[in-house]
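Colleague: Single-letter residue listing:
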Amino acid sequence: AQTVTQSQPEMSVQEAETVTLSCTYDTSESDYYLFWYKQPPSRQMILVIRQEAYKQQNATENRFSVNFQKAAKSFSLKISDSQLGDAAMYFCAYRQAGGSQGNLIFGKGTKLSVKP
Amino acid sequence: GAGVSQTPSNKVTEKGKYVELRCDPISGHTALYWYRQSLGQGPEFLIYFQGTGAADDSGLPNDRFFAVRPEGSVSTLKIQRTERGDSAVYLCASSPGPGTGGRTQYFGPGTRLTVL
Numbered sequence: 001a002q003t004v005t006q007s008q009p010e011m012s013v014q015e016a017e018t019v020t021l022s023c024t025y026d027t028s029e030s031d032y033y034l035f036w037y038k039q040p041p042s043r044q045m046i047l048v049i050r051q052e053a054y055k056q057q058n059a060t061e062n063r064f065s066v067n068f069q070k071a072a073k074s075f076s077l078k079i080s081d082s083q084l085g086d087a088a089m090y091f092c093a094y095r096q097a098g099g100s101q102g103n104l105i106f107g108k109g110t111k112l113s114v115k116p
Numbered sequence: 001g002a003g004v005s006q007t008p009s010n011k012v013t014e015k016g017k018y019v020e021l022r023c024d025p026i027s028g029h030t031a032l033y034w035y036r037q038s039l040g041q042g043p044e045f046l047i048y049f050q051g052t053g054a055a056d057d058s059g060l061p062n063d064r065f066f067a068v069r070p071e072g073s074v075s076t077l078k079i080q081r082t083e084r085g086d087s088a089v090y091l092c093a094s095s096p097g098p099g100t101g102g103r104t105q106y107f108g109p110g111t112r113l114t115v116l
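The listed protein sequences correspond, in order, to chains Y and P. Numbering of the first sequence is given in my numbering, commencing with residue 1 and proceeding in unit increments. Numbering of the second sequence is given in my numbering, commencing with residue 1 and proceeding in unit increments.
Bound conformation, chain Y alone (with noise of 0.2 angstroms):
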């Protein structure tokens, strides 16, 4: 069974200052989706940035970036000029790309706090 694991609990970052949150996963697949998603304390789960794991090139989307590496099973979000409102709960996830298995597997997620 596919497992997305996240490390780091919590994270704070000084704002305009650059951070990186980590996340590993265990999959026998070759072809999947891998995403970063923002909670805020209003629940509701907004979609950061996607990866597709046969694209070598990394994702970018302004601000947020990922360093995905294959191999590693490894896919980290780095978040630059971090901002008041980037503070909330990141939650990092997989998703099968083939046959009827659609849903999404979660790790137990980041809070980042920001500081003014």
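It should be emphasised that the hints constitute simulated quantities derived from the structure, not laboratory data. Please note: incorrect hints may appear among the correct ones.
With a straight-line cut-off of 30 angstroms between C-alpha atoms, the simulated BS3-like cross-links for lysine-lysine are [claimed, not checked]:
#	chain 1	residue 1	chain 2	residue 2
1	P	K15	P	K78
2	Y	K73	P	K78
3	P	K15	Y	K73
4	P	K78	P	K11
5	P	K11	Y	K108
Given the coordinates of chain Y, work out where chain P should sit on it, guided by the hints.
Modeller: What follows is chain P alone, placed relative to chain Y:
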């Protein structure tokens, strides 16, 4: 269009009672998912609908949990004989369905269920 909506936002019930939680997916999305998020944890998969049929219900914890999607749009999660351990946030997500564009799930704000 509008995002995924869930009602009620909060539900307090007594042990042993029956509850229904409703999810309105994004218009046109054929895939719908239910997840349960306990305090301090990532969301855990419950059930996945493709159209009107449950394509995967392997995450339902026991037979007290049931979900329907009779017309392929709105879905209702039903919990019979509620127990205190059912207390959690229940999240609904939808996606366009099969195909590359369907790999991203869009979440609603969740229903916080409290069983006294």
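Colleague: All hints, please: hold or fail.
Modeller: We went through each hint and held it up to the structure:
no.	hint	result
1	P:K15 <-> P:K78	holds, 15 angstroms
2	Y:K73 <-> P:K78	violated, 37 angstroms
3	P:K15 <-> Y:K73	violated, 43 angstroms
4	P:K78 <-> P:K11	holds, 13 angstroms
5	P:K11 <-> Y:K108	holds, 24 angstroms
Of the hints listed earlier, those the structure fails to meet are numbers 2 and 3, in rising order.
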